[in-house]
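Each chain, written out:
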Amino acid sequence: MCDLFALSATKDYSAPEFLPIFAVQAKTNMDGWGIGFFRKHHAVVEKSAEKIFHAGQLHDSFQRLARVVRSKVIICHIRFRTSGLLDECHAHPFVLKFGGYDWIFAHNGKAPDIESYRSCGAVIEDAISDSARTFEYLRDHMEDHHRSDSKPEKLFNILADSTSKMIDQYPGEYNFLLSNGHLLFAFTNHRQFMFMKGSKTLKGAFLLTTLARGLTTEKWLRVAKATNRKGLLLAISGNDVILHKSI
Amino acid sequence: MCDILAISAGYNYTPGKYLPIFAEKGKENINGWGIGFFREDKALVEKSPEQVFSDRQVHESFQRLARVIDSRIIISHVNCPKSGGHHSTHLHPFKFTFLDHDWLFAHVGVVENIDAYQTTETPRLEVDVYTARIFEYLRDQLVLLHRKNPYISVYIALRIAIQELLDDYPGDYSFFLANESFVFAFCNYRQLMVLKESESMGDIMLITTVEEGLSRTDWHPIVPDPQSQGELLVIAGPDVLYAEEV
Chain A
6 MCDLFALSAT
16 KDYSAPEFLP
26 IFAVQAKTNM
36 DGWGIGFFRK
46 HHAVVEKSAE
56 KIFHAGQLHD
66 SFQRLARVVR
76 SKVIICHIRF
86 RTSGLLDECH
96 AHPFVLKFGG
106 YDWIFAHNGK
116 APDIESYRSC
126 GAVIEDAISD
136 SARTFEYLRD
146 HMEDHHRSDS
156 KPEKLFNILA
166 DSTSKMIDQY
176 PGEYNFLLSN
186 GHLLFAFTNH
196 RQFMFMKGSK
206 TLKGAFLLTT
216 LARGLTTEKW
226 LRVAKATNRK
236 GLLLAISGND
246 VILHKSI
Chain B
133 MCDILAISAG
143 YNYTPGKYLP
153 IFAEKGKENI
163 NGWGIGFFRE
173 DKALVEKSPE
183 QVFSDRQVHE
193 SFQRLARVID
203 SRIIISHVNC
213 PKSGGHHSTH
223 LHPFKFTFLD
233 HDWLFAHVGV
243 VENIDAYQTT
253 ETPRLEVDVY
263 TARIFEYLRD
273 QLVLLHRKNP
283 YISVYIALRI
293 AIQELLDDYP
303 GDYSFFLANE
313 SFVFAFCNYR
323 QLMVLKESES
333 MGDIMLITTV
343 EEGLSRTDWH
353 PIVPDPQSQG
363 ELLVIAGPDV
373 LYAEEV
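Quick note, the sequences are listed as chains A and B, same order.
This note's numbering applies: residue 6 is where the first sequence begins, and numbers increase by one.
This note's numbering applies: residue 133 is where the second sequence begins, and numbers increase by one.
Quick caveat, the hints were computed from the structure, so don't treat them as lab data.
Take the hints with a grain of salt, since some may be wrong.
Claimed, not checked - Below are the EDC-like pairs computed for lysine to aspartate or glutamate, each with C-alpha atoms no more than 20 Å apart in a straight line: (1) Lys102(A) x Glu329(B); (2) Lys250(A) x Glu377(B); (3) Lys156(A) x Asp234(B); (4) Lys16(A) x Asp232(B); (5) Lys45(A) x Glu331(B); (6) Lys159(A) x Asp335(B); (7) Lys102(A) x Glu331(B); (8) Lys45(A) x Glu376(B); (9) Lys227(B) x Asp187(B); (10) Lys159(A) x Glu329(B); (11) Lys16(A) x Glu172(B); (12) Lys224(A) x Glu172(B); (13) Lys250(A) x Glu376(B); (14) Lys102(A) x Asp335(B).
Model the full assembly from the supplied sequences, consistent with the hints where possible.
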């Protein structure tokens with residue numbers, strides 16, 4: 006199963022300790038890795054189809070990127086292939102531009118039904134996977150709301166509504182992270198998210214991962230969907246959860 | 133009647149266009165003005181007890197600040213006689229540090245009896261105006277709720293705090309509460325006018341109590357439902373993230 010990590014902070018942050026810890030704990034996922042972040046409001050993604058951990062060593066580029074990447078939002082994905090080919094195009098995160106932003110997206114879970122979705126808009130080139138189609142679906146439906154709303158739209162409601170429709174149309178397992186550089190959205194309908202605010206070693210940042218025990222010995226909070234709901238959506242800005250609601 | 137304006141952008145924005153328009157629209161508020169903004173996550177406030185607009189001119193310092201301030205979030209208040217004394221310390225926005233952030237607060241409206249509120253936390257705002265007591269009340273509630281549950285979402289915590297405030301001190305409230313990342317806007321009597329505007333650097337969100345908005349473009353009214361206790365919005369960057377009745 007793939008794993009996800011995100012950092013959100015009020016100012017640009019590096020995660021030279023946490024990214025390697027995440028990578029080591031998620032090393033059983035052998036099918037690629039990626040790090041997404043923002044530089045001057047533009048999304049930047051570095052990814053690879055190579056193993057994150059090989060011969061007792063973390064991937065050299067990953068280690069270097071972990072030391073160098075600096076951003077208010079950092080999203081990392083370690084891949085265990087369940088859909089799509091084993092190549093760099095299929096490694097996450099993905100980037101799409103819409104609604105005036107660059108958006109970074111990473112997904113964990115299996116949603117084979119959505120592979121049949123065909124977007125009318127720009128597609129993620131060369132990526133034939135449930136994750137790529139999920140991102141396109143969310144983009145398409147968020148843009149539809151944008152076109153039809155005369156009033157200023159409410160971003161959380163739009164994403165919640167788009168995600169809810171997607172689950173109805175294409176049932177599956179969706180844990181995803183989505184960020185425009187100002188806000189980080191996290192959705193879960195299987196497994197869990199573990200999060201930590203105010204870690205002693207990274208004061209002022211908010212950390213989130215799908216790894217069941219978190220990344221440190223500190224107390225991480227587990228959040229998961231309620232059994233009678235479709236999922237749980239969180240909106241994070243800086244080091245605060247602004248809102249979390251069941252869908 | 134006092135007026136308030138909040139500007140939220142996804143990048144550091146210089147309010148050279150809209151702050152002077154706001155000052156002109158609020159020219160009947162003759163008891164001073166204030167501008168709050170953030171520099172490297174620290175809240176800064178500039179205020180003056182002088183008229184924001186006189187002799188057909190926006191106050192010189194107000195104009196200069198509008199050209200120079202560079203912040204993702206900017207809050208301004210123009211003061212009417214109802215809001216308290218003429219001394220600049222009485223003017224909004226007020227600032228506090230709590231829950232790991234600097235916060236700015238500006239309010240319009242009339243609330244009876246809250247002058248007597250005694251904060252349970254420190255520091256206290258050493259000014260005798262009821263807006264300071266409202267800010268202390270909300271700060272106290274947010275800190276208390278956060279102590280009980282460090283992972284409570286900020287929106288839910290503020291909604292609970294407002295419900296408590298309205299139970300304890302019923303009144304007319306329109307306020308902005310902002311940290312360096314997001315702005316909360318609440319109203320239970322006057323409508324708020326909202327506009328998402330495209331600027332050369334990117335979009336910005338404007339929200340104000342000025343009835344007709346600040347331009348001829350289509351401003352959208354946020355009108356509190358008389359059956360509800362009010363409407364609470366949270367704005368992040370140039371977007372309304374969420375809005376719900378309290």
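Legend entry - Violated constraints from the hint list, given by number and in increasing order: 3, 8, 9, 12
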